[in-house]
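Please build the complete structure, drawing on both the sequences and the hints.
These protein sequence lines map, in sequence, to chains A and B. The working numbering puts the first residue of the first sequence at 34, with every later residue one more than the last. The working numbering puts the first residue of the second sequence at 1126, with every later residue one more than the last.
FYI, nobody ran anything at the bench for these hints, they're computed from the structure. Among the hints, erroneous ones may be present.
What the hints assert, rightly or not - Label-pair distances were calculated between CB atoms; the ranges are:
1. L1150/B <-> S376/A: 26 to 36 Å
2. D377/A <-> L1150/B: 51 to 61 Å
3. Q443/A <-> S1203/B: 21 to 31 Å
4. D374/A <-> L1137/B: 47 to 57 Å
5. P250/A <-> S1203/B: 48 to 58 Å
6. R311/A <-> I1415/B: 31 to 41 Å
7. F1291/B <-> P250/A: 32 to 42 Å
8. P1419/B <-> E109/A: 48 to 58 Å
9. F1291/B <-> E109/A: 32 to 42 Å
10. P75/A <-> Y1237/B: 52 to 62 Å
11. L1228/B <-> K417/A: 54 to 64 Å
Said to hold, decoys possible - These stretches of chain B come out as covered by chain A in the derived footprint (C-beta under 8 Å, 3 or more residues):
12. 1154-1167
13. 1247-1259
14. 1353-1364
15. 1398-1411
16. 1429-1438
Since the structure is predicted, the reported quantities are computational estimates derived from the model, not experimental observations. Beta carbons are placed, not taken as given, at the ideal position from N, Cα and C, and that holds for glycine.
What follows is the residue order along each chain.
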Amino acid sequence: MNAYTSRLRKAHIAAALVLVLLLAACSAPGGGDDEGGGEEGPIKVGVIVPTTGVVAAAGTDMLNGWNLYWEINGNEVAGRTIETIHEDNAGDPTTTLTKARKLVEQDGAAVIVGTLLANTALALAEYLDPLDDVIGLNPAGSADDLSQRGVVDNYVRAGGWQSSSPTHVAGDWAYEQGYRKVITLCQDYAFGHENCGGFTNTFTDRGGEIVQQLWAPLGTPDYSSYLSDIDPASADAAFVLTVGADSGRFVKQWEDFGLKDNLPLIGGETTLEQSLLRAMGDEAVGLQSFGHYAEGREDSATQEFVDEYVDAYDQLPSYYSASTYTAAQWFAETLEAEDGDMSDVPAFLETLKGYQLDNSPFGPMKLDEHGGTIATMYLREVAKDEEGRLYNQVVEEYPEVSQFWNYDPQAFLEQPVYTREYLGEDWPESCDQFASDCPLEGE
Amino acid sequence: MNTLRLVKWASLAAVVGLTVALPYLVSSFYVNMATQMLFFGLFALSINLIAGYGGMVTLGQAGVLGIAGYGLGIFYTSYAVPLGVSALLAIISTILVAAFFGLLLVRASGVYFLMITLAQGMVVWGVAQRLTTLTGGDNGLRGIARPPFAVEYWSYYYFSLAVVAFCVFLIARIVRSPFGLSLKGVREAETRMAPLGYDVKRIKLFAFTISGTFAGVAGLLLAMYNNFFSPPSVYVKASAEGLLMSILGGVGTITGAFVGSGVFVFVTNYVSGYMERWPTLLGLIFVLTILFTPDGVVGAWQRLVWAPLLRRYGAADEAELIEVGVGGGGLLSDRDLKGSKSAIEAGSAAPSEEPSEQVEETRAGS
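So, in structure tokens, the structure goes:
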């Protein structure tokens, strides 16, 4: 074989390839997707929740809640049929993007509902941001910045919350209880940082002191090394935020180490959450936590939802179930108000954001001007009902809690989001940074 | 034999034509799938380069990919460096980190090599997770842009195609270069290479660094595709998936990496919409592949289809080569096969096609 001709032939092929590539890239391929929104016809709604992977149980709760609303109320709103297409993202951000693309581009979904983990919600927000004809509903992705420093206009917290909202209340409450020294133990990732940040910020505002900070990675198989580090005599209480299967292990070991009777525990929302209480035993009874949801709330809106859910799925609903149920209600009632017309997306978004739920399974709910949820926070206590099921009953209600707590929104937004490095211990420095009820005044 | 060659070129032309015309034929969803297939294929190929050609199996390659992805994200979003410069800086960082990782690896082989790469991958993941001020922690980095000329789904596809095609061309050259052959020598008989005058450690280090560089390019494409980069992309699961893609397609082949990534992307993107237990399906595919065709889809194709065809059309020696399992190939590597054959005939794992040149080169470098 002649090496020279061979090389020449290859050069020709390469040149031809480059040429074809250039030609192809110069003209845009056509391709209009059929729209699922608009004025009439069915509305396609893509629901992205994890039904496989580590958070599959909570994701299934979300899917159940969404389906329950349409089963009860029928899937026709203002003359338009709501078609739900579920996609599983396995709790992974990249898969979330893939599924969002599939739903919007392939299925023509006009509305995307999801997702669960904060990082997947952030990825989804990134995808939705440039799209001007798709609306995202965010029932559970609680990353603070989605309504603070990284707001995406068409990704609306409908039935959602901010990680630090319940813990702002918790920090303030802890001081009120007379606790002055608190140990914090949080899961070492963004959600844990934001939870611990909320607690630390408000607790130290009042003059409380965080005497020990522990960070456990997500998926810690054994909490004994952390718990043996805790000296009950050194603190008045402990604030603990665990997630998923970690919560079950933590709560069991908290009792095993004899801490349950010696150190008051202030739990975060997901430490003692209904989807996890199902797998817990007496070790959890009597423990208190802060959250934006309590299945034991004795209001009719919550109890009707709970009864329907128990009928349909034979278990008590978690906040995940309530979140998508509320999102469905939020969307359906907005659609009703707009007479089924989704053709003007900005107008529809405005109605969606201005919508106020006077009563939902969460209680009253509305959004502030940044898109953050203003809702009731609950101090909850785990109790056992007559059938032996564990549930959170309400001890105290804190209505209309803003994502900015009592701080001045402007000043709050100038601070970074809570991370391990910034938990707000030294902030605010003065009462200028408060909008109301400055606790620094007396100091 | 000529007919066969014609068939081969015709199918190659068909594949090229289809690849180029794709955005005009199917909807954006499938084009996006093809884009993913391209950069995951490049990622699998980068693993293949050291695992398939060099016999060094890694479980930390996603960590190397992550250096590029995070590098791009950090330079571009946090320091507002222009995209092109950010990409360049990211690749340079990747090369440096890959070389550093390589230095820690050159003395190890087998399971120890595997464990060190696993640890390295986890270190990157741990840093990504913990160094929140820089990496955004678990929330990841948002706002990574695509090049201004490749923002649309179809233009980004062409952009990825051009980049990946160029990388494949380079890898094909590297694999067949004296260096590539000496890398195979390391795979086949590491202990024999040293007495023959090869600096095994240097070969391993180069291989790992080069492979890391290509993984870095895949990382850039991934980050720009998603406009987003977060810890799961560098987790051990991502590394394992890359390895599985390359095994599924066929270790030690170039086409295999893309076949593997194709199957993977198809199942995760498409099948998962119709089947709730899609991870099980993926697992089953892997298990069946390992059980029945350990040399992957491309290997099976060559043994069961291509070799009999070659034999029928009178190219028995080439067919034999495939049947004894010498080698990787597919559309791109008949020369590669000949090289390996002569190596076998010489009774040594050291490549004998261009021996003098190569030994000289290696010595000059040491």
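Has the hinted range 31 to 41 Å been met by the Cβ atoms of R311/A and I1415/B? Distance hint for R311/A, I1415/B holds at roughly 38 Å.
Three or more residues of the stretch 1353-1364 of chain B near chain A by CB distance under 8 Å? holds (count 5)
Counting residues of the stretch 1154-1167 of chain B whose CB is closer than 8 Å to a CB in chain A, do you get three or more? holds (count 3)
Could one say that the CB atoms of P1419/B and E109/A fall in the range 48 to 58 Å? holds (55 Å)
Would you check chain A against the stretch 1429-1438 of chain B, counting CB to CB pairs closer than 8 Å, and say if three or more residues qualify? As far as the stretch 1429-1438 of chain B goes, the hint is violated, because 0 residues have Cβ atoms under 8 Å from chain A.
Go check the stretch 1398-1411 of chain B versus chain A for me, would you? Three or more residues, Cβ under 8 Å, otherwise it fails. holds (count 5)
So the hint says 26 to 36 Å: do the beta-carbon atoms of L1150/B and S376/A match that? At roughly 31 Å between Cβ atoms, S376/A and L1150/B fall inside 26 to 36 Å, so the hint holds.
Given the hint of 52 to 62 Å, is the C-beta distance from P75/A to Y1237/B inside that range or not? holds (59 Å)
Check the following: the C-beta atoms of F1291/B and P250/A are separated by a distance inside 32 to 42 Å. Taking Cβ atoms as reference, F1291/B and P250/A lie about 40 Å apart, which means the hint holds.
Per the hint of 54 to 64 Å, is the separation of the Cβ atoms of L1228/B and K417/A within bounds? Hint holds: Cβ distance 59 Å, inside 54 to 64 Å.
Against the range 47 to 57 Å, how does the distance between the Cβ atoms of D374/A and L1137/B compare: consistent or not? With Cβ atoms ~53 Å apart, the hint holds.
Is the gap between the beta carbons of P250/A and S1203/B within 48 to 58 Å? violated (24 Å)
Of the numbered hints stated above, those contradicted by the structure are hints 2, 5, 9 and 16, listed in ascending order.
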